[in-house]
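Chains as they are written, first to last, in this note's numbering: chain B, 10 to 635; chain P, 115 to 432.
If you're looking for bench data, these hints aren't it; they were derived computationally from the structure.
Using N, Cα and C, we set each Cβ at its ideal position, and we do this for glycine too.
Hints are supplied without guarantee of correctness; some may be wrong.
One-sided excerpt, in silico: chain P residues whose CB lies under 8 Å from chain B [what the hints assert, rightly or not]:
id	residue
1	H236
2	R419
3	D424
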Amino acid sequence: MTATSSPVAPVATRLAEHTIEIVSDSGEGAQKCGQIFGAVSAKMGNGVWTVEIIPAEIQPPPRIPEGASGYRIRLGAGTVTNWGDATNLALAFNEQVLVARHRLGALAPDAVLLIEDKWATHEDADIRTAWAEAMAELATRPYRIIPVPMETECLTLVDNARKGKNMFALGILACIYGRDMERIKEQIAHAFRKKSEAVYEQNVALLELGRNWAEEHIDFRIEVTPAPMTEPLVVMNGNEALGLGAIAAGMELCAMYPITPATSVSHYLSEVFERFGGIVHQAEDEIAAAGVAIGSSYAGKVAFTVTSGPGLALKTEFLGLAIMTEIPLVLIDVQRGGPSTGLPTKVEQSDLLAALYASPGDAPHVVVAPATIEECFHIMVTARRIAEAFRTVVMVLSDANLATGVTPFPRPKGDVRWQADPIDLAPVPEGQKAYQWDAETGLSRRIVPGQPGGAYTVTGLSHDEGSKVAYSSGVHQRSSAMRSRKLAVLQSLLAPPTVYGDAEGDLLLIGWGSTKGAIEEAVDRARAEGIRVSSVHLRFLSPLEPGLKAIFSKFARVCTVEINYSDEPGDPYITEENRRIGQLAWVLRATTLVDIDCWTRVPGEPLRPGSILDAIRERTPRGGAA
Amino acid sequence: MTATCGLLPVLEPAEHEAHYEITDYEGARARWCPGCGDHSILASVQKLLSAEQLTPEQTVFVSGIGCSSRFPHYLRTYGFHGIHGRALPVATGIKLTRPDLQVFVVMGDGDCTSIGAAHWVHALRYNVNLTVLLLDNGIYALTKKQTSPTTPQGFVSNTSPEGGVLPSLNPLSVALGVTNASFVAQTAEWSPAHLYATLRAAYHHRGLSFVRILQRCPIYSTAVYQAAVQDPARIALLVHDDGVVVPEIEKIYKSQVAHDPHDLAAARRIADATDHIHLGVLYRDPSRLRYDEIRRVPPRTAEERLTLIDAELDRYAV
Ligand SMILES: Cc1ncc(C[n+]2csc(CCOP(=O)(O)OP(=O)(O)O)c2C)c(N)n1
Ligand SMILES: [Mg+2]
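Model the full structure from these sequences, guided by the hints.
Dropping the structure here:
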């Protein structure tokens, strides 16, 4: 340690929220540093929303902008529902990853940037030049840049600073934000539980080194006051919530093939599922995964399969079979950017139409989308029950934002009634058909192999109630009606969505999936400006929640907000007739005949509330006194 | 009722005094063409079901799409007539969930060795306890005479009017090349006694038993097996106490090869041999690891699960 005397600790600035990010080359541990910071903040009672900053490759070359890897934490005094707008404080391990964030517009204009400064004096002249150029680029904005001798400091304790720099960084953040050191140490112990005691101790020493350094050299402190907790909370990401939700729903088989960003659902389940009597089956491909899940469901369970866009494409033929044979199945699609391999690690909501119309032929099925990480948990319970009661496919559309976002939510209280009943192998009543469709609802009792008196053969060929292959023309019309009717019946059981804000106004935004927090925050901010805007967030996409037309009629303008592509009006060749619009807008226009507008973007990142606010302003008369 | 094995309690088959006759396994009237080899296979399977007294409702036949895949409709058991090429994943899902069910799989050559090839290879490796029948007529029959992977080179079809250009795929060599495959046999539908004996051996094998059944299509591929049907000298029987022994046909098929089904290297040589069509059990190793067995976990009651969920949530508690 170099300094001799400690200055008086600066007075902390109190803020309602602050957004922090740690970026490094991949493999330098910025993510672990961020995870611990986020977890500790949540435990201290702060609102937290964290997102991973992920490079597309596992081990990109060092010091390239595309290799930026890290973690972003939005810290709030109250609940935080989305990732926010821009970063207020960034801590970077090299200038290239920092410049990458700057170029993405991720940093607030007045952000504080803490940066490892060893590159400034590096022996390699190219690196020194790169540093100088980056600094010049950053100097075009009023950032406050603070050089930090991270490596030099770490080398006073360890031989290889590459391992452990992240703990030094964590120490700096702990000092600036007044984080509880004991809780941090607990988290470090947890993170390195599979390593030796010596590893733990070294990490703690580096943590303390970082904090001490910051106490001496950083002249500001930030206080985002934690709110006392009023109810027990849990903190996890959306994929863990989906996995845990599947368990709470009593599901016992997850069949999958690895694909980002869905895979971590199965990573989580692979770790714990067997304890709950379940298994994760890693199939040879997504088609087989669907087949295994359908086989398991046919045999009496409700199994599920989890994938992302390219895998959804492969499963579609099997989905048609499940719909045709009325075998319950839950399919999770954790959406990423598309088409094709697209943006494997980034959020998008471009699979809606593919999900709705997934299978060739008329293949009515249910599509739901959780709007929050908490809902990822509960939606699995809903999905399983609907799949079973309606003998159909339920698709759950999550996305990369929910998958990797981490936020606290009220601890769910499990309920035995959420779980599946044991398989009923009672004899099939005399004369009962394989599909004893209720003439009104199309619903029928599920039959499972092993039930005496059944012995039906299910088939993907058009069939009658007895599962006999249909050779007469009326049968297909009637069976199609029966499968379709079930959706109308489900809709009759749903409540109209609640309107966020006033029930009438100049503009109604409609969203679905992970954008809820950002949309509602934008609505709040606009309303504070006097703009008459409200929003509706849909969980059911098929069938749609009822009463939409009546809700829309109370607003001068209705506009969807979606993370998918739409043409910009006014772009070359784009006309009112050929404009490709947002996917939910497409569906809502068709079903309500309301002239619905859309505001959609595909930035490869979650929508920012500030951007949505701009879209609101563009679409509304000047609010307030105007 | 509650033995702990499988994803759910193993359910004991309903007590029954009844004796199941062959006719008790008859489903819809088979609509295959007159002279189609599938009729003979159906008859042998029904005979097997009756001989083994399999409870119809405890038995599931899973198939893909093709003429051969109509099989489940013609049986009075549970049946799953799925999609082209994908019978094996469905059967795997059923068996992983319900070890108490007896699961058979019926596929055509296009179904199994072309569109379903990936599943076929991996199913052999999983070695789940399934009885798998490949009804190989060397042609796509349902779609009216297109070349399949097992169509002989030079054979004229609607997609190869000049004759198929590639040498045909040998399903036996493929199966024997898959790590952890545990039972590979070949039989022919025109030798009902051999067919029955082979089905029986396959049924009694624990693990995935793969049986290639040479099957005539009288409409599109008569020529493929005609020579072998007419000239028994083209066929060699594999004989061994651990394989199948069918004394009643030994007078017809004079060429016999003593082959120990535990000898994998010999099995591969036989599979590749072109001098004769070999019928019998090429390979059998009941000690191979079974995926359905090693993945079996004790079931949980709803209450147990609830307690465990609570403990799990503690890990995430703020
Ligand atoms: C995905 C898909 N592709 C193609 C088909 C059309 N198709 C139906 S059966 C079949 C081939 C049947 O041949 P095989 O499996 O040998 O059975 P066989 O009719 O000879 O018994 C094909 C290509 C289909 N049903 N599904
Ligand atoms: Mg065929």
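Where does the structure disagree with the numbered hints, that is, which hint numbers, in rising order? Every hint satisfied by this model.
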